[in-house]
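Participant: Sequence:
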Amino acid sequence: MEFEKGSISIHTENIFPIIKKWLYSDKDIFIRELISNGCDAVSKHKRLVSLGEISENKSSDYKITVSVNKGEGTLKFIDNGIGMTEEEIKKIHKSSCFFRC
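Residue 30 in full-length UniProt numbering is what sits at position 30 of the sequence shown, and the numbering runs on without skipping anything.
Honestly, I wouldn't trust all of these hints.
Claimed, not checked - Think about it this way: if two alpha-carbon atoms lie no more than 16 angstroms apart in a straight line, the pair counts; the simulated EDC-like pairs of lysine to aspartate or glutamate are:
1) 44 / 28
2) 76 / 33
3) 63 / 79
4) 44 / 56
5) 90 / 40
6) 63 / 40
7) 46 / 56
8) 44 / 79
9) 46 / 28
10) 46 / 79
To be verified - Pairwise CB distance ranges (calculated):
11) 74 / 53: 19 to 25 angstroms
12) 46 / 73: 32 to 38 angstroms
13) 88 / 29: 18 to 24 angstroms
14) 91 / 71: 28 to 34 angstroms
15) 90 / 50: 18 to 24 angstroms
16) 51 / 71: 38 to 44 angstroms
17) 48 / 71: 33 to 39 angstroms
Simulated from the structure, these hints should not be mistaken for lab results.
The beta-carbon is built from N, C-alpha and C at its ideal position, and this holds for glycine as well.
Use the sequences and the hints to build the structure in full.
Facilitator: Quick look at the structure:
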């Protein structure tokens, strides 16, 4: 399996009103969901390593990082789990005009 590193940016001025109104009653729930997604990605990576389907994460221990940059107005959720396929990223990109790769 071949991996490529990338990122997805979300413009909060566009997405938070939708999240609050339609998906979650509180922004904190959305943040917990993103952290939970990172946990799932790490768990899936560990499982695939144990099955011998992918190589072990040699760069570092598994981790999920949440960082805040008030100057840039950004909140980043970073994990070193399984990641997403190119098809998954394209599906997200096509389904919402609020994401950019």
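Participant: So, for every hint listed, does it hold in this structure?
Facilitator: Structure-based check of all given hints:
Among the hinted pairs, residue 44 with residue 28 is inconsistent with the structure: their alpha-carbon atoms are about 24 angstroms apart, more than 16 angstroms. Proposed proximity of residue 76 and residue 33 is supported: the alpha carbons are some 13 angstroms apart, at most 16 angstroms. Between the alpha carbons of residue 63 and residue 79 the distance comes to roughly 6 angstroms, so the proposed pair stays at or under 16 angstroms and holds. Proximity of residue 44 to residue 56 is assessed by CA-CA distance (about 12 angstroms); at most 16 angstroms being required, the pair is judged to hold.
With a CA separation close to 20 angstroms, the supplied pair residue 90 and residue 40 exceeds the 16 angstroms bound. For the hint linking residue 63 to residue 40, the alpha-carbon distance of about 11 angstroms falls within 16 angstroms, and the restraint holds. For the suggested pair residue 46 and residue 56, the alpha carbons sit about 8 angstroms apart, so the restraint of at most 16 angstroms is met. Proximity of residue 44 to residue 79 is assessed by CA-CA distance (about 12 angstroms); at most 16 angstroms being required, the pair is judged to hold.
Distance hint between residue 46 and residue 28 is unfulfilled; the C-alpha atoms sit about 27 angstroms from each other, more than 16 angstroms. The straight-line distance between the Cα atoms of residue 46 and residue 79 is roughly 13 angstroms, inside the 16 angstroms bound, and the hint therefore holds. Distance hint for residue 74 and residue 53: a CB-CB separation of about 34 angstroms, inconsistent with the stated range 19 to 25 angstroms. Distance hint for residue 46 and residue 73: a CB-CB separation of about 33 angstroms, consistent with the stated range 32 to 38 angstroms.
Checked against the given bound of 18 to 24 angstroms, the beta carbons of residue 88 and residue 29, roughly 23 angstroms apart, stay inside it. For the hinted restraint 28 to 34 angstroms between residue 91 and residue 71, the CB-CB distance of approximately 33 angstroms keeps it satisfied. Separated by about 29 angstroms at the C-beta atoms, residue 90 and residue 50 break the suggested range of 18 to 24 angstroms. A hinted range of 38 to 44 angstroms holds for the C-beta pair residue 51 and residue 71, which are about 43 angstroms apart.
Taken as a hint, the range 33 to 39 angstroms holds for the pair residue 48 and residue 71, whose Cβ atoms sit roughly 37 angstroms apart.
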